[in-house]
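Protein chains: 2
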Amino acid sequence: MQNDETVTAALAIIGNEILSGRTQDANLTFIGRSLNEIGIQLREVRVVPDIEKEIVDAVNALRSRYDYVFTTGGIGPTHDDITPESVAAAFGRKAVYHPEAYARLESWYKANGREFTEARKRMTLMPEGAELVDNAVSIAPGFRIENVFVLAGVPQIMRAMFEALKPQLRGGKTVRTRSISTRVVEGVLADGLAAIQKKFPQTDIGSYPFYNTPNGTGVSLVIRSTEERLLDAAGEEIIRMIHDLGGEVLDDERS
Amino acid sequence: MQNDETVTAALAIIGNEILSGRTQDANLTFIGRSLNEIGIQLREVRVVPDIEKEIVDAVNALRSRYDYVFTTGGIGPTHDDITPESVAAAFGRKAVYHPEAYARLESWYKANGREFTEARKRMTLMPEGAELVDNAVSIAPGFRIENVFVLAGVPQIMRAMFEALKPQLRGGKTVRTRSISTRVVEGVLADGLAAIQKKFPQTDIGSYPFYNTPNGTGVSLVIRSTEERLLDAAGEEIIRMIHDLGGEVLDDERS
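Residue numbers (the working numbering), protein chains in the order written: chain A, 5 to 259; chain B, 5 to 259.
Just chain A, same shape as in the assembly (with noise of 0.2 Å):
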């Protein structure tokens, strides 16, 4: 599925919550999924704690190897909110009060009658250059530099901040996906699927089984290609082999 036209993205998803399991993330799906849709593959991501190293390794690893890269959380006013400082570091480049930054957040503080704290300054830091990325729900904005943007970790306002930000993406082809479920097993689908997709090489077909469900046990066959006709075609022989095989298609969506 390589092509010209392949734009690629990755995740550091920044934050000792995640890792001990306290907090379940719900940024990845939502970020896989925005990308997708405006032709942005995300192709890896990372999980590491807060540590100044290990984000800007992180960082670095990733910057240089995809087009875009994003960062969730580690950007709010408290002691354990390191990212901006780390991100700095990985570019080499000085943690500075950004000046729009400060002067908004300086001037929503004034007219809410709250004080313009030390810490609630630190939500203006960020590498020299950084521009920044609008937070339509809390004020404080994310930033970007280069190929990286950095956001919040919060649900809410990670999504308001990607809402902001789309429109500096360039997304290639969008890879459309048909997504074709029965009961028949893995075991028993296995050796025609993999025919299907020798015979579709520009097609991209998954297997996930599910146990146990509504739906009792089965299988989701998805396949995903940037060309709607292959989605047709290679999704035809799947329902075949699964009719062959004395199975039923329970769903056929695409999306």
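Calculated directly from the structure, the hints in this document are not laboratory data. Owing to the predicted nature of the structure, the values given are computational and were not obtained by experimental measurement. Idealized CB from N, CA, C, for every residue including glycine. Please note: incorrect hints may appear among the correct ones.
[Said to hold, decoys possible] Computed cross-link-like contacts, DSSO-like style, restricted to lysine-lysine with a CA-CA straight-line distance of at most 30 Å:
1) A/Lys57 with B/Lys202
2) B/Lys98 with A/Lys57
3) A/Lys203 with B/Lys202
4) A/Lys57 with B/Lys57
5) B/Lys203 with A/Lys125
6) A/Lys202 with B/Lys203
7) B/Lys202 with A/Lys125
8) B/Lys57 with B/Lys170
[What the hints assert, rightly or not] Each pair of labels, with its calculated beta carbon distance range:
9) A/Asp255 with B/Thr178: 39 to 49 Å
10) B/Lys202 with A/Glu135: 28 to 38 Å
11) B/Glu167 with A/Arg69: 53 to 63 Å
12) A/Glu231 with B/Glu56: 36 to 46 Å
13) A/Ala30 with B/Arg118: 38 to 48 Å
14) B/Ser111 with A/Asp255: 32 to 42 Å
15) B/Leu249 with A/Ala115: 15 to 25 Å
16) A/Lys57 with B/Lys202: 18 to 28 Å
17) A/Lys57 with B/Asn216: 49 to 59 Å
18) A/Asp255 with B/Leu249: 19 to 29 Å
Chain B: place on chain A using the hints.
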């Protein structure tokens, strides 16, 4: 918190369906928490696609850095299940049918009147010298090779495998957690909290804001330490700070 008894782990989540956002991962949280309970700290997670080189690189990067590595996904019978061969490649070993796994599956399919197809035989393909990890849910085992445990991606099966391998894990000191929540916001708490963190360097204090939940808007302050007495002491200071700021403690829980 680094000490002689710190035992670390990493997780490689393998699968295009996680990266595309089609499937929400449910294994990271379970593994993070379960390891925590037995004194092993999950330090890094990577999500990589079903591409051999990506799996090899992730497994090799992680197994040299952490005491244990777990992989989830890609061990079924279909063409896109390439984790076992990839892990074998990471170790420079051949992938072969594991005799014991082969015997188990052969007799299971025979007993159930089903054919032991080539595809099903693939589920017994493992690096030479691998040890089995039992699967109480659907027979086909996972495996261990050195410090790497290769598990299923389907959560029910992954959990059964994790329970089976758990006695093999050697944990360090268990990290205890105390979580105190309040509606006082981060910007107000941050300076005092940073001072408390500084006073208790043997603890790891995290600040996790919540927005528009049934508890309203506020923050959970999470103290992590191997020493219960430090949870007592740091927690008391946090509660005093909340009261000094005119706030209320909503929850105070340990785990």
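Results of checking the hints against the structure:
A distance of roughly 20 Å separates the Cα atoms of A/Lys57 and B/Lys202; the hinted pair therefore holds under the 30 Å criterion. With a C-alpha separation of about 36 Å, the suggested pairing of B/Lys98 with A/Lys57 is violated against the 30 Å cut-off. Among the hinted pairs, A/Lys203 with B/Lys202 is inconsistent with the structure: their alpha-carbon atoms are about 62 Å apart, more than 30 Å. Distance restraint check for A/Lys57 and B/Lys57: the Cα-Cα separation of roughly 25 Å lies within the 30 Å cut-off, and the hinted pair is therefore satisfied.
Distance restraint check for B/Lys203 and A/Lys125: the Cα-Cα separation of roughly 23 Å lies within the 30 Å cut-off, and the hinted pair is therefore satisfied. Distance restraint check for A/Lys202 and B/Lys203: the Cα-Cα separation of roughly 62 Å exceeds the 30 Å cut-off, and the hinted pair is therefore not satisfied. Simply put, B/Lys202 and A/Lys125 have alpha-carbon atoms about 20 Å apart, close enough for the 30 Å limit, and the pair holds. Restraint check for B/Lys57 and B/Lys170: satisfied, since their Cα atoms lie roughly 29 Å apart, inside the 30 Å limit.
For A/Asp255 paired with B/Thr178, a C-beta distance near 44 Å keeps the hint of 39 to 49 Å intact. The hint said 28 to 38 Å for the Cβ distance between B/Lys202 and A/Glu135, and at roughly 33 Å that hint holds. A hinted range of 53 to 63 Å is violated for the C-beta pair B/Glu167 and A/Arg69, which are about 36 Å apart. A hinted range of 36 to 46 Å is violated for the C-beta pair A/Glu231 and B/Glu56, which are about 25 Å apart.
Distance hint check for A/Ala30 and B/Arg118: the Cβ-Cβ separation is about 39 Å, which falls inside the suggested range of 38 to 48 Å. For B/Ser111 and A/Asp255, the hinted distance range of 32 to 42 Å is satisfied, since their beta carbons lie about 34 Å from each other. For the hinted restraint 15 to 25 Å between B/Leu249 and A/Ala115, the CB-CB distance of approximately 22 Å keeps it satisfied. Between A/Lys57 and B/Lys202 the CB atoms are about 20 Å apart, so this pair conforms to the stated range of 18 to 28 Å.
Between A/Lys57 and B/Asn216 the CB atoms are about 35 Å apart, so this pair departs from the stated range of 49 to 59 Å. The supplied range of 19 to 29 Å is broken by A/Asp255 and B/Leu249, whose beta-carbon atoms lie about 53 Å from each other.
When held up to the earlier numbered hints, the structure conflicts with 2, 3, 6, 11, 12, 17, 18 and fits the remainder.
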